[in-house]
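Protein chains in written order, with the working numbering: chain A, 902 to 1482; chain B, 12 to 210.
In short, the hints are calculated from the structure, not lab data. In this text, all values refer to a predicted model and were calculated from it rather than measured experimentally. In this text, a Cβ means the ideal position worked out from N, Cα and C, and glycines have one as well. Treat the hints with caution; some may be incorrect.
What the hints assert, rightly or not - Below 25 Å or equal to it, Euclidean Cα-Cα: the simulated DSS-like pairs (lysine-lysine) are: (1) A:K1068 x B:K179; (2) A:K1070 x A:K1110; (3) B:K141 x B:K207; (4) B:K141 x A:K1058; (5) A:K1058 x B:K188; (6) B:K179 x A:K1070.
Said to hold, decoys possible - Chain B stretches covered by chain A per the calculated footprint, using a threshold of three residues with CB under 8 Å from any CB of chain A: (7) 154-165; (8) 179-188.
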Amino acid sequence: MAQQFPYTYYACCINASSSASLVQKRSSHTTTADEEDEDRTFDPRSPRANYSLYPLEHLLYCDDCQQIRCPRCYTEEIVAWYCPSCLFDVPNTQVRTEGNRCQRNCYNCPICTSPLQVNPLEHSSHLAPESSNGASYFLGCPYCNWSSLDIGVEFAKHTGITAQLAKLKTARQSQAKKEREERAENTDSNDNNALNERPTRDDLFSNLKSFYKDALSSANPVNPLSFDPTLYNSPPSVTRLMNLYAPPSVKRAKAAKPTPMREAHSTSEGLLPLSPVDEDMSIARMAQAGWDSLSSTAQRSQQQHPTTKFVQDLWPAQTRLLTRRAKRCATCRHILTKPDSKISSTRYRIRILALDKVPRLSIRALSALHTPHPSFPISVSSTAATAPRFEYENLRPGVMVQFLLTLHNPLFEPIRVTLGTPAVTPGKLASRVTVLCPQFEVGANTDVWDEALNSSTTLSSKGKMQPGDGPVQAEAGKVWERGRNWTSVVVEIVPGFPGGAPTGIVPRTAEEEEELDEEDTVVEVPVFVRFEYEYEHPDAAVFEKMREEEGARVKEVPEMGRQTREVAFWTVLGVGRVAGR
Amino acid sequence: MATPQPTASLRPTPPKRASTVKPILPPPPSTIHPTAVIASHAVLSGTHPITIGAHCIIHPYARIVSAEGPVELQEGVVVWEHGIIEGRGEGVRIGRGVIVESGARIEGEVGEGSLVGQGSIIGVGSVVGKHCKLAPRTILEPQTRIPDFTVVYGANNARRVDTTVRDKAETMTAREKGQQRQMDALRKLVPGNTAKWMT
Ligand SMILES: [Zn+2]
Ligand SMILES: [Zn+2]
Ligand SMILES: [Zn+2]
Ligand SMILES: [Zn+2]
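Working from the sequences, and respecting the hints, build out all of it.
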């Protein structure tokens, strides 16, 4: 993790395989399942941890499950389709029938993918005197200067480009077919017949489509009475035979499986056989026009027919539609975020961020904060920048460093927090960790002005003393400092020795040095955070209505009045790096 | 405010003078057509001759440097803010109707009707043909040759031949017309102080 120290990551889906069952057990908000988790220390160095650590800003929160939710434990669903070019909403039904391309006048450059513009083409009188209205239109790329004139496409009017293009395309395809037929007549080779049958791409597609449709719909694809020895090699007949001799129970099981289907055999079924004449033609064309005339893989992937070989045959691509998506908790199907379906609006109708539901942990070296502590947490970062820089990249093994762990409470209720850390961090670099005050309260996220107006009374710094030159005397069991909705506690960390042995006593061998990974010098502290708070339950009727609207299954309405809620999760604090060898 | 410019050559750029102050050094020997518009914040410096053709527009903070060689701007060249044209060796010639966009730096020859995109760099001794287009931030190494009607674009300096403009005279005239309209507007907007550089 190439991030600047210090950092905090929140763990989600630590044991992804079992998390679903765990959550189901926890229907009555008891913590039995949690306790199982707690017994195991989360190891930030395990290979799996790479997939479960996120910055707080990336996480959502499910109110129902009372858990943070990461991309692995929420599902996405499409709220709206729209065209990024004309910003028009496309109804779902249209997407289903016409595909995920804009059906209006939006096209992208087949060469460089920028949106194309419709430009007028003014035929000067001496160049095209026959032209009746004197003007036509073409699609032009403002970036790479490609234009539809390059492929000989001009439009009579500037609207309805899609219809005009379709007409031009069919005209062109029939033209190509005619040319091919003429060519086949001239060359008296054996594959004359094959060439004459050669359909256009669109025909081929519809042939193949109808072939598959037939194959899917016919439950009994071949007539059992007709005898054709080749048929017994085809999978459907084999299945039929199997069905005849199998016992009834097996039969039923077999029927549930999709039967394998035969593939297309001929042009009428949508198969495009290799045609030597066509291949010769394209080879000759390549030889003549050179490398630059060939389309790139990226360009082909944009085309409707990904086999388009030549730049000259590239067709403007209809703009792909984009989606707006809602996110649902994968466990309880509760909606976590839902954007406004109006494309012009960037607002969310529902958005439950972990940021607003879970305390934010931030850690800094205490020695970096020799300046008087500010009362506003926002200004902490600005003063920290001016304070003498603490070298997080250069921790000394075996020398205790004091860190200040600050928790900010985003909730409107005060929270009681319990922190748990392993005494020795997992991994090769076994660092010793002591949280001087693992249990404390953090104030509610009340109005900022409340604090400003009576700052002298709310601020209390219990364990704080005047910092001297040496390590600060922080009292165990006492909070270092506390503000409106934040509390700081001191964490003492003794970084371990890379390689396990103190350098002075046992000199490390070259092999041991080799074994040491870059990652093995990073001091990362797993911290288990559990917090609880009391909250006034919303009105039962409102609660019920809310659930019905969101389509979630209705659970029992919780009791009214004040309730205690408990949330727990693992975090990882990246404290620094032990100095190099 | 000078935008940081990666230099195409290893030679350090001459220290930038505060352009509002009248240059201490005598202005370069320049031939400026009376119809050219040179903004008062533009800088012409150097010792070799500078020729500026008819209807050229030099925007504020553009620099034309002839310290190491003469510079010739033909008719209707537009140099936008912070565009730099540096004379080298035998001289640098910018063809008729070339547009040098903001922050571009040219130390080579550019042919008629070409467009040099924002922040592009044309290295020493390069020759860009006629009616070319360099997309923004294109960097041409020294001694690069770009044939006529080439579009250089994309992250890998992909090239393609602009067949539209090459084969269709109408598109060329349409483009020139549009450019003409833009120049007419600019001539009104850019406060000219051409007399300052007349010698
Ligand atoms: Zn998760
Ligand atoms: Zn569109
Ligand atoms: Zn393009
Ligand atoms: Zn949930």
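Hint check results:
1. A:K1068 x B:K179: Holds, at roughly 23 Å.
2. A:K1070 x A:K1110: Distance ~20 Å between K1070 (chain A) and K1110 (chain A) Cα, so the pair holds.
3. B:K141 x B:K207: It is violated: about 32 Å lies between the C-alpha atoms, which goes past 25 Å.
4. B:K141 x A:K1058: Cα-Cα ~32 Å, so violated.
5. A:K1058 x B:K188: holds, 22 Å
6. B:K179 x A:K1070: holds, 22 Å
7. 154-165: holds (count 3)
8. 179-188: holds (count 6)
In summary, the structure is inconsistent with hints 3, 4 from the numbered list given earlier, while agreeing with the others.
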